[in-house]
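K.L.:
Spelled out from the first residue to the last, the chains are:
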Amino acid sequence: DTAVSQTPKYLVTQMGNDKSIKCEQNLGHDTMYWYKQDSKKFLKIMFSYNNKELIINETVPNRFSPKSPDKAHLNLHINSLELGDSAVYFCASSPTGGGTDTQYFGPGTRLTVL
Amino acid sequence: AQRVTQPEKLLSVFKGAPVELKCNYSYSGSPELFWYVQYSRQRLQLLLRHISRESIKGFTADLNKGETSFHLKKPFAQEEDSAMYYCALSGAGTASKLTFGTGTRLQVTL
Chain A
1 DTAVSQTPKY
11 LVTQMGNDKS
21 IKCEQNLGHD
31 TMYWYKQDSK
41 KFLKIMFSYN
51 NKELIINETV
61 PNRFSPKSPD
71 KAHLNLHINS
81 LELGDSAVYF
91 CASSPTGGGT
101 DTQYFGPGTR
111 LTVL
Chain B
1 AQRVTQPEKL
11 LSVFKGAPVE
21 LKCNYSYSGS
31 PELFWYVQYS
41 RQRLQLLLRH
51 ISRESIKGFT
61 ADLNKGETSF
71 HLKKPFAQEE
81 DSAMYYCALS
91 GAGTASKLTF
101 GTGTRLQVTL
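Residue numbers (this note's numbering), protein chains in the order written: chain A, 1 to 114; chain B, 1 to 110.
By construction, these hints were calculated from the structure, which means they are not laboratory data.
Check before you lean on any hint, since a few could be wrong.
[Said to hold, decoys possible] Examples of chain A residues toward chain B, derived with CB under 7 Å:
id, residue
1, L27
2, G28
3, L43
4, K52
5, T102
[What the hints assert, rightly or not] Below, computed lysine-lysine pairings styled on DSSO-like, alpha-carbon distance capped at 27 Å:
id, chain 1, residue 1, chain 2, residue 2
6, A, K41, B, K9
7, A, K9, A, K22
8, A, K71, A, K40
9, A, K22, A, K44
10, A, K36, B, K15
11, A, K36, B, K22
12, B, K9, A, K40
13, B, K22, A, K22
14, B, K97, A, K40
15, A, K41, B, K15
16, A, K22, A, K52
17, A, K44, B, K73
18, B, K15, A, K44
What you are looking at is a predicted structure, and each value in this text was computed from that prediction instead of being measured.
Heads up, the beta-carbon is just placed ideally off N, CA and C, and yes, glycines get one too.
Model the full assembly from the supplied sequences, consistent with the hints where possible.
P.N.:
If you want it as structure tokens, here you go:
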């Protein structure tokens, strides 16, 4: 199946822990993104990478660190997790990163911080 | 700065009734507008975009630059249209950021 995949689907952890979410796309796209969807379903971009290079870095705490080992993968590492980090995190990819691109989304990772 | 406003959090309509999901935007340049949809237990996916000028699943949306709007319409709602709908805006250039509205939940009832 050609798609954007994320692991894990669910992540429950304690405050203060460090966790990672992995994302992979086999669509051959150059650009990948991380979005955060809060409890009110508001979706906001966090980061984007084009061919392993950071392109968009929104006002996100530096506890969040994206890493792109190659253009098919974009992982999100979160240090010192806080209650407010609880959300659904979506990975997405698009062909070029241009404004007319369609973005293709992963299934989401529901992070719960206790 | 780019901004997308969807004034309705929830829109409830009867099956067969017309649907209009409102979207207004603020952007200084030439915008690219999209509607994305998230059905229950499915991933977010593109429904349509203004540059394609097409009708998808009976939905259409016209970009009105004068009113800075991109409302989504369907003449006859179906039960399977029940979902969360997001209007989104991007600039035309490379490395553009996609900004989403807060979403409208469409509920189609019998």
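K.L.:
All hints, please: hold or fail.
P.N.:
Hint-by-hint comparison with the structure:
no., hint, in the structure
1, L27, "violated (13 Å)"
2, G28, "violated (18 Å)"
3, L43, "holds (4 Å)"
4, K52, "violated (14 Å)"
5, T102, "holds (5 Å)"
6, A:K41 / B:K9, "holds (10 Å)"
7, A:K9 / A:K22, "holds (10 Å)"
8, A:K71 / A:K40, "violated (31 Å)"
9, A:K22 / A:K44, "holds (18 Å)"
10, A:K36 / B:K15, "violated (33 Å)"
11, A:K36 / B:K22, "holds (23 Å)"
12, B:K9 / A:K40, "holds (10 Å)"
13, B:K22 / A:K22, "violated (35 Å)"
14, B:K97 / A:K40, "holds (21 Å)"
15, A:K41 / B:K15, "holds (25 Å)"
16, A:K22 / A:K52, "holds (15 Å)"
17, A:K44 / B:K73, "holds (25 Å)"
18, B:K15 / A:K44, "violated (32 Å)"
Comparing the model with each earlier hint shows violations of hints 1, 2, 4, 8, 10, 13 and 18; every other hint is respected.
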